[in-house]
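> Here's the letter readout for the chains.
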Amino acid sequence: MTIPEEFRQSLRQQQTRRVFLGRASQGVGALALASLLRPDVLSAAAAAPDRWPGVVTPFHVPPRAKRVIWLTMAGGPSHLETFDPKPKLAEMHGQPMPDSFTRGKQIAQLQGQKLTCFGPQLKFQRFGSSGVEICELFQHLGSVADEICWVRSMTSEAINHDPAHMFMNTGSQIAGRPSMGSWLVYGLGTDAQALPGFVVLTSLGRGGQNQPIAARQWAPGFLPSRFQGVHLRGRGEPVLYLETPDGVTRSQQRDVVETVNRLNAQHDAVVDDPEIATRIAQYEMAFQMQASVPELMEVSSEPKSILDLYGCQPGDGSFASNCLLARRLAERGVRFIQLYHKDWDHHGGVKQGVEFKAQEVDRACMALITDLKQRDLLRDTLVVWAGEFGRTPMSQGGDGRDHHNAGFTIWMCGGGVRSGTVYGATDELGYAAVDNPLDVHDLHATMLQLLGIDHTRLSVKFQGLDARLTGIAGRVVPGLMAG
Amino acid sequence: MDFTRLHRLRNGLTGLAFLSFATATCAGPRVDFNREVRPLLSDTCFACHGPDAGKVKGGLRLDRREDALRPAKSGHIAIVPGKPDESELVRRLSTTDPDDAMPPAESHKTLTEVQKSMLRRWITEGAEYRGHWAYQIPERPVAPAGPAGIDFLVQRPLQGTGVSPAPEADRRTLLRRLHLDLTGLPPSPVEVAAFEQDASPDAYERRVDRLLASPRYGERMAIGWLDVVRFADTIGYHSDTPRNVWPYRDYVIRSFNRNTPFDRFTREQLAGDLLPAPSQEQLVASGFNRLLLTTEEGGAQAKDYEARYLTDRVRAVGSIWLGQTIGCAQCHDHKFDPITARDFYSMGAFFADVSEAIVGAREPGMLIPNEDQAPTLARHEVAVNALQREFEGPHAELTEAFQSWQREQIESLDGDAGWTTWAPAAATASEGTTLTVREDRSVLASGKKPERDTYQLRFTNQWSALAGLQIEGLPDDSLPSKGPGRAGNGNFVLTEVLAHIEPAAGESRPLRFTESRASIEQTLHVEKNPYGRWSAASAIDADVRGESAGWAILPETGRQHSLRLGLDGASKLSTGDTLVVELRQRHGDHHTLGRFRIAVATNASAVTAPIRRPPPAEIVAILRVPPGDREESQRDKLFRHYREQAPELAALREQLATARKARADFEATVARSLVTVRADPPRTVRILPRGNWMIETGTEVAPALPGYLAPVRGDADHRLSRLDLADWIVSPGNPLTTRVVVNRFWRQFFGMGLSKVIDDFGAQGEAPPNQELLDWLACEFRDGGWDVKHLVRLMVLSATYRQDSRASRELLARDPENRLLARQGRWRIEAELVRDTALTVSGLLIPQIGGPSAKPYQPAGYWENLNFPVRNYDASADAGQYRRGLYTWWQRSYVHPSFLAFDAPTREECAAERSRSNIPQQALVLLNDPSYVEAARTFAARILTEAPDSDDGRLSWAWRQMVARNPTPEELATTRDLLEKHRGEFRADPGAAARLLKIGASPAPPGLDPATLAAWTNVARALLNLHETITRS
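Listed in order, the protein sequences are those of chains A and B.
Just so we're aligned: the first sequence equals residues 1130 to 1612 in the numbering used here.
Just so we're aligned: the second sequence equals residues -12 to 1020 in the numbering used here.
Because the hints were derived from the structure by calculation, they are not lab data.
A hint or two may mislead.
Stated by the list, open to error - Listed below are the simulated DMTMM-like cross-link pairs for lysine to aspartate or glutamate, each with C-alpha atoms no more than 20 Å apart in a straight line:
1) A/Lys1234 x B/Glu683
2) B/Lys648 x B/Glu631
3) B/Lys776 x B/Asp791
4) B/Lys968 x A/Asp1384
To be verified - A short list of chain B residues far from chain A (calculated; beta carbon distances all over 12 Å):
5) Ile124
6) Pro176
7) Leu560
8) Ala586
9) Pro668
10) Arg813
11) Glu1015
What the hints assert, rightly or not - Facing chain B, from chain A, some residues (calculated, C-beta under 10 Å):
12) Asp1228
13) Ser1354
14) Leu1369
15) Pro1374
16) Gly1549
17) Ala1561
Glycine is no exception: its CB is placed at the ideal position from the N, C-alpha and C atoms.
With the hints as constraints, model all of the structure from the sequences given.
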């Protein structure tokens, strides 16, 4: 692995500057730490020393979004029971799937089986002035339909959960590539203070289709560890090792941190090691996180009207709670917020499965959009709702659907996205994207563009290549962007 | 231009930036193609004008001289040697016409003026190409033998630069460095003091040799190797389930400790199974081929994953031994290096004979008995084999018995003598199960499937007396696992059988069962049954054994079994009476009968006759063939079936079963490891166009060495094997491996490789600024018999290694990355060593080498997103809690979070080097992880019991333990302040002290004042958190 040269250089410059400042002010570390009790002093003095500015300066293109909230519907939602109406499939229900649709295509668990059309199991309804037709269970989402760009022509190369998540997050099915959140923090830095720039939250639905999610989905890959996503957990310590040991008070913990930093500064005077200034800043950051993260997680401080809007109870660990946390993270300047809501893997019982999911996500998604909008954050927050793939128009086991990557639906809103439109379409049976197919690299390229980044220019040397989120592919799709 | 600046350029320091001060026209040394031209052309031109034949634009290739000198499609000649003004390349570089300018704008590549004039000068000088540096066999530069050779080659380029080597580090720094580098553990203060006072000239050398001989050396060296081969305890994809592979890790440790020559080490791992009469250890080594990521995900397609495994293995060979990014040629010929897609798939074909499940669980692996276990295992094996041979003998003495057994079997094919099946007049179920009486008089359950049920069967009597009642459970295709029960595994539990007579007139009266026997009684899953078996008796025990106990048949589901109940003589009946049989099935979890049949016996002798075990369907079919018409194989099968029940062989069977069970019980205590088992024939390997596994029309390829590195082998009739690959990798004809390996070791001892791109020695890598040094080391390694300890010894004995790591501001500015090696490096130690340091200083470390992976404390719920199956992390109890870091359980999708914070790789891909980050999570781990709190508390107890009896004495002692030096007065004061403040606070709040001291599995030692111990614990925490503690300098 090669740490990018520009990263090294930038770090060196920072360190040199910091060492200089440290000397001049007789230990900026101790000063900043003392300011912990006075946050007004803190923000300027303490957070600044180790702030990663990002390599994209200036922006490659004018940015329209500052941050991303990515709602990952893990398991692979059926587009046919959510956002892609297919009356023809209903007509063909029970008949053999025409071979012309499926020949030579990837199939997962239905390999070698008789393929039978399976009509949509739920009713659809038109919403908003755009008249978009989506499943009637999504009444709340329908009420904000005009904010949304529905992409009905999404495709993926992967068809099993684990590689498909990797592909959606990193643009590669090979482990070891950075996730989009890591790329963004590397490229743009973060505005968050005492919080990581890339945060992940997970929730599990009622159906219990609990497909595993690997931590590699928020890993920095070949980028340095500082760009990794941090998993904020609903239970236990919200961040691993966040809690001060039992029996140690917060003031004692501060004493220990202060002692460590003072000793490190004293040692620095002898060895003159630039890493020590960084170490001091990291201890400050860690100590700040011990306060800032619990404050962030304190959802009960929200007014009742907001809790009612999302339909959540403080501490219930639900997707709705995570949406509310996502908004709080967005307010605090976190660059990339990714929510995983599991339980969309409906090989069987797709009807009841989607009914459950709709109850869990419909209001919460609406609330997130509404809440962001009323705080004027939707303008520059790019919200994406997507599974790792969709589901087959063919039946599996009589009441379910198999994995499917030839065409499925995602939606986006806010942050420069063209609102109130439907982009692309699948064929009449909902099998393949035929109108404006959008692949994962295109999606990434377009998202980066909205964030002010030319996807061909955000690259890092890795194994001799200028490695990019979009690999050697990807095109910016104007049809997804507001004019 | 002054000479020093130029000289630095020649050595390729931080590259061309320095040149911006230079004038381009000055006379000086000729442009170096490999160091200056090729990297520039590669990075800016090769993507379109390089080796990828499918992507060449304008008919121009710049990677080969003969092509660059030929007219391109446009008719222009890119390079005219000696004539820059006639060279199209020069014109394109300088033109301002956007249509002609190179590199094109969309490439986002630009050349500086300095780079342009360098290319011009190179063309003026004749545009000579030279073979890529790494593809030339290394030649040994002239240098003194031994460690002095390193110093000579390091210092020669420094001459005249004004830079001089740093002085030797002070002794305590030097010893701490040496200990951390060679063993991964900090030295004890006693060792430091002894070294500081040792004035003998070989004081340092003796310590090097002692540490090289320490078993800790192998553990230390293993860490880097385990990274690069991606060793982990779990499969990686999706469910990320465990696999048995830790013996491979121990093999690596042993190999470094006994200094296995690296060429043998290579052969054993790639092809241990192909060596003549491979030892157990060589087979364990071949487990290398099984270390890749695999999947068990349902719906994964075998062809897809077959392609993934192939590419994974090729990437591994590229990373580990060749320093080549061969993986890039999966979809197309390489963009920068002369690697073709054919090379890629031909390399993959070497591994097509690795036998494995493509999608699915890994096998348990080969038994790996240790030295103590091996003789016992062999004894078990001999015992079983001897009995087996005896049992499988011809048994001529049984000819008669076999004949009569066959006759009996044929006679009883259609029912047992003395028993008559009986169809119920009515069959009902209390919980709503549908019961249907079928033509064969059996009853089939269907419909609603309650947890428990009671069936009632009513028979219209036609007998005068009954001696017995039989309940047969029958298999049926409609039932789970073919029944006879309705539980998922086909089992049932008949918890109680009751029967009574309802006379046509008068009181009904119960029947009494006197005895019960069954064709099988389940002994599995007796943890829910205190009586040790699911017996026939418990079906007529009036539930004295409990309502949920009864008769069950696992594992023999899917076939017929029967329960026979004897009735006492009082069961006199009249025609017209109704017999009511009640089958209670109160066990739960759907353990109800799915298909069954009732039979009755009127004769007591039928009741006491042995229960015939109905033969399996296959045997029934043979029995139905007239004996004279049976084929040899059928007769054989029949005899083998007979053998399993012949009463004459009962004793032998029992012995064999006992011996097998003893062997199995013993095997369960023996380690297992995945090894390479050769598949014959190997899988077919085809070139996959664009890497797409769904295209199966690509050319079939056989194993072959990369065409650009090795001559084609003439022995076309011999399919090359993994052993051939290994032999070539470690042959003198391979220019890469020695350099790649030496470079990696160099990084371990100096912080950065001589070529800093550790895993790419291709055109996009870095030609080493000091290639002579790298080549000298490579030759030393190769010619010295691939002797790793010799190489390491050379490095650490050199004066270069022993230098101080501090740099003056001037040197830091001039050589920030330490490419000149005019000082030692300093860096934060690896994740494993952070842990080892805390355990060593606290005294908690358990020094055991090898064994199953250990599980230190881990935050609850960290594995909550793992599934199939749901995983709980059970932290090791006792010794397992205090093992060295390298033994920590490596869960690929969720690596231990304290390790992840310190840059431990997930080992999903080969990791040739780790990043060295400095992030807040590291502070959170060292401050709050119970492992470190416990270590601090234990260290505090040591301070209070082993150190001098004063605060300052204790503080100084603690400093020496932690960082091998005394504190400065200032440092002493800082730690004393913390101690005094917290001692006061804990005295005022004893509860808090008690809570702090409770953290960790090991108990706090008795007899120490809790408040004092708690305060010292916080002092110890501060010391454990020091930058210096986790820094090797």
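> Would you mind marking each hint as holding or not holding in the structure?
Each hint, compared with the structure:
For the given pair, A/Lys1234 sits about 13 Å from B/Glu683 by alpha-carbon distance, which is consistent with the 20 Å threshold. The suggested pairing of B/Lys648 with B/Glu631 holds, with an alpha-carbon distance near 17 Å, which does not exceed 20 Å. For the hint pairing B/Lys776 with B/Asp791, the CA-to-CA distance comes to about 24 Å; that exceeds 20 Å, so the pair is violated. Simply put, B/Lys968 and A/Asp1384 have alpha-carbon atoms about 9 Å apart, close enough for the 20 Å limit, and the pair holds.
With a least beta-carbon separation of about 22 Å from chain A, B/Ile124 lies farther than 12 Å from that chain, consistent with its non-interface assignment. No beta-carbon of chain A comes within 12 Å of the beta-carbon of B/Pro176; the shortest separation is about 18 Å. No Cβ of chain A approaches the Cβ of B/Leu560 within 12 Å, the least distance being about 50 Å, so the stated non-interface status holds. Under the 12 Å C-beta cut-off, the non-interface status given to B/Ala586 relative to chain A holds; the minimum distance is some 39 Å.
Listed as outside the interface, B/Pro668 is consistent with that label: its C-beta sits roughly 24 Å from the nearest C-beta of chain A, beyond the 12 Å cut-off. The non-interface label for B/Arg813 is inconsistent with chain A: the shortest C-beta to C-beta separation is roughly 6 Å, within 12 Å. Non-interface status of B/Glu1015 relative to chain A is broken: a Cβ of that chain comes within 12 Å, the nearest being about 6 Å off. Contact between A/Asp1228 and chain B, as hinted, is not supported at the beta carbon level, the nearest pair being about 16 Å apart and thus beyond 10 Å.
Checking A/Ser1354 against chain B: minimum C-beta separation of about 4 Å stays under 10 Å; hint holds. With a cut of 10 Å, the hint placing A/Leu1369 at the interface with chain B holds, because the nearest CB-to-CB distance is about 5 Å. A distance limit of 10 Å between C-beta atoms decides the matter here; for A/Pro1374 the minimum to chain B is near 5 Å, and the interface restraint holds. Proximity of A/Gly1549 to chain B is violated relative to the hint, the smallest CB-CB distance being about 33 Å (cut-off 10 Å).
About 15 Å separates the beta-carbon of A/Ala1561 from the nearest beta-carbon of chain B, more than 10 Å, and the hint is not met.
Comparing the model with each earlier hint shows violations of hints 3, 10, 11, 12, 16 and 17; every other hint is respected.
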